[in-house]
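Novice: Following the hints, position chains Z and H against chain R.
Chains as they are written, first to last, in numbering that gives the first Met the number 0: chain R, 0 to 305; chain Z, 0 to 326; chain H, 0 to 248.
Keep in mind that the hints were calculated from the coordinates and are not lab data.
Possibly wrong hints are sitting among the right ones.
Said to hold, decoys possible - Covered stretches of chain H, going by a simulated chain Z footprint (3 or more residues, C-beta under 8 Å):
# : region
1 : 61–75
2 : 100–114
Unchecked claim - What follows is a set of in silico ranges between Cβ atoms, one per label pair, in the way DEER data are often shown:
# : chain 1 : residue 1 : chain 2 : residue 2 : range
3 : H       : THR55     : R       : THR164    : 53 to 61 Å
4 : H       : ASP231    : Z       : ALA191    : 56 to 64 Å
5 : Z       : LEU284    : R       : ALA274    : 43 to 51 Å
As the list claims (entries may be wrong) - The calculated DSS-like cross-link candidates involving lysine-lysine, where the alpha carbons are at most 30 Å apart (straight line), are:
#  : chain 1 : residue 1 : chain 2 : residue 2
6  : H       : LYS229    : H       : LYS18
7  : R       : LYS240    : H       : LYS18
8  : H       : LYS184    : H       : LYS229
9  : Z       : LYS322    : Z       : LYS220
10 : H       : LYS167    : H       : LYS184
11 : Z       : LYS220    : H       : LYS167
For clarity, every value in this text was computed on a predicted model and none was experimentally measured.
Note that CB positions come from ideal geometry on N, CA and C, so glycine has one too.
The primary structure of each chain is shown beneath.
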Amino acid sequence: MSTALLIEQLLNGLQLGVMLFLMAAGLTLIFGVMGLINLAHGSFYMAGAFACATVAAATGSFWIGLIASLITAAAAGAIVEMAVIRRLYERDHLDQVLATFALILIFSEGTRWLFGSFPLYLDIPPLLQGAVPLPGGGQYQLYRLAIIGVGIVVAIGLYLLISRTRLGMRIRAGESDREMIAALGVDISTLYTVVFALGAALAGLAGALVGALQSVQVGMGEPVLILAFVVIVIGGIGSIKGALFGAVLVGVVDTMGRFLLPQALMLVLPPSQTALISGALASMLIYIVMALILAFRPTGLFAAQP
Amino acid sequence: MRQIVTREAITNAGLALLLLVVPLAASVMDEPFYVTLATRITVLALAAVGLNIALGLGGLVSFGHAAFFGLGGYAAGILATHAFNAQPLFLGIQATTSMPAIWLVAVVACGLVALPVGAISLRTSGVYFIMITLAFAQMIYYFAISWPAYGGQDGLSIYVRNTFPGANTAQPLPFFLICYGLLLLGLALFWALGGSRFGAALHTARQNATRLAAVGIAPFKIRLTAFAISAMVTGLAGALFADLNRFASPSMLSWHMSGELIVLIILGGKGRLFGPVAGAMLYVLFEYALGGITERWQLFLGLILLGVVLFARGGLMGLVAGKERYG
Amino acid sequence: MAEPVLEIRDLRKSFGALKATDGVSLHLVSGEIHALIGPNGAGKSTLIHQISGSLTPDSGTIHFLGQDMAGLDMAARAQLGLARSFQTSSLAQEFSALRNVMLAVQARQGSSLRFFRPVMRDRSLAEPAMAMLERVGLADRAHVPAEELSHGERRQLEIAIALALGPKAFLLDEPMAGMGPEGSKNLTGFLDALRREAPILLVEHDMDAVFALADRVSVLVYGRIIATGKVDEIRNDPEVRRAYLGEPA
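Looking at chain R on its own, in the form it has when it is part of the complex (with noise of 0.2 Å):
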């Protein structure tokens, strides 16, 4: 095999890895601050892929498209909130399940009723086209190293506002303990709207990002919000940086296992079998990897507490 296929596998991982890390960390954040698990989370990530889709179609712009679906998966992620999802705070993880499935069901059909059952698509935008070379010889495409940028960007980012800033001291307070944050005065439930809308907006940004490299349609957001929740679970609920070494993780060893266990298999498989078994292994990779972590460390990697 040759170095600049390794590579561009490496590099096709990690850009699956940012992908979940944009999905994992707001769901993280809002299990870590509010304590509730979000099935719907999926359901954002949709939203945003759908709103740049139609808002690129219609401007022809990709990125005000980009701005339109943090805007559209935001302001959904608020209003789901303030309707919602501030019911389910006191509430055990069983009735948090249950609803936040009942939200799945309602956007996605909700969605169909609007789109249609048909796929939209996205164009890469112009500037982001073409390829780049790779040493030894390969290409690899600009778009997806774009979107491993943005993630670099964006985990930058949390780390910043988490320990930098006013909202992050608060949610930092609110992690730790929630009776003193309300003693000192902070508007608990803006607070809790604004992590989730935050949240929320993280997972838009995904969905319009991989919208331009795979179809947009009802459904999309389910495979990655698992995805997501293995993350979260491998480094640990309620740890961003749990998140973003998860997501590396998931989508390096999903990758690679993909690309590499049919070569392994054929050393000492006959062909015919390789291919049938090293598929099956494959899709399963993670789930094993994430079975023997919890096995050794049941809270996962980086869990915030015992």
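Specialist: Chains Z and H alone, transformed into the frame defined by chain R:
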């Protein structure tokens, strides 16, 4: 003194009778569709009775029970396919189309999968448990769709419904009666477990696991046993579901299925003997009634479900029979 | 001296920089009440948690009936006969008082993997459980759910559950807490007789009860035992008076 004939007991008897009488009447009036609808209710109820052992009695929110439902379905599908093609399974063992044998395979397979899955998942609790059971189910789902030998994404058709000694299972009514009998057995099992010593320990594990450990009973062992029994009952229902549809579909393994099973329990009443039955009736009737009016029935299902979670805690049985008391 | 029922040697546990248990050694012999006193935050609960198995010590050993407890979880220690009551009562809230005690009887019989026989008709569970409720004076409240019992009644129920385990030693974490004067007096009399069944390691803030009951007293301050001795020795120990009773030396 405890009342012997409670409102809950009357409701339960009414539901059991209703579920039996409607398909009998439909059969007499030559309306096989309604018999099939009742069979669908019965099989989904049995699957949810299984989950109710873990979730209702033990407080274990498994978001991965579709894995066992699907595993049961594939057990039926795989055995039927081998038997249909007259291929031996492995080591020259012949497949079978006899339902009791298929059920045994489904139940044993689910127990064998549930033990390691449960053992790892039960090291965690709360949200981690919800997510890790979901993830294990996804693992099995992806395995099923990427393994082409048994249909992959297309699923596995059962060309002729499997057989049961002394009954013509191709007819809707005999097949319904088989399913109904198994549902009653499942309910009897749930009832016996709930009232037994094991049930006392399991109820305590849900209410206060530290208390259970402090009297010298390890919560892990109790929970793992409950998880495995729960998986086996849901797996049995899966085998019936595949036979009902004559199709083992990967969608039986999907996380939507896991969510639906939880929904059935919550609609009916978590931990209640007949909660899953009431829930399955409501769910299938919603699906049928709303589905007749609009293609967008899932939107309305979502709204109803949201309303139940936010405003009608305790589900249907909670509304009818009040809060559960344990004596 | 007879071999101790419970023997703790050089136990240590830190949370970050905080040494919650800093080289604690103590033992409990048959027939005695050994009281453990100390100011809030001295590490009494941390110590009880390590003995009962809900926390793992960093170093040191705990022997119960001559057996090393390392690696045994809470349930295994309870099975061996180490019964514990909780500082804030910990009950199966939806179960009646009787069913809470029946669970302990069932655990003692070692038979929780029985799946079919209904417990509510099982006299081998209900009769011993009722006897325990009678002993603590809670028989007339047997069918009331634990969540509806008063605070004092829950403490009594905790004791009844511990009794039903037929233990070889009791760990009682502030059993008097929140009880009225009448309740405390009754419980003092009850514990006084209970020591003949099994020795008691008693964590308690009620000094009247401690001085009335204890055969020996250990004083825990900042994770260390600063003195162990008979009631009078402790009462007159200048270091104890300074560190704990808040008097100038």
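Novice: Hints first: check each against the structure and report whether it holds.
Specialist: Structure-based check of all given hints:
no.	hint	in the structure
1	61–75	holds (count 4)
2	100–114	holds (count 11)
3	THR55(H) x THR164(R): 53 to 61 Å	39 Å, violated
4	ASP231(H) x ALA191(Z): 56 to 64 Å	59 Å, holds
5	LEU284(Z) x ALA274(R): 43 to 51 Å	45 Å, holds
6	LYS229(H) x LYS18(H)	27 Å, holds
7	LYS240(R) x LYS18(H)	29 Å, holds
8	LYS184(H) x LYS229(H)	21 Å, holds
9	LYS322(Z) x LYS220(Z)	29 Å, holds
10	LYS167(H) x LYS184(H)	25 Å, holds
11	LYS220(Z) x LYS167(H)	24 Å, holds
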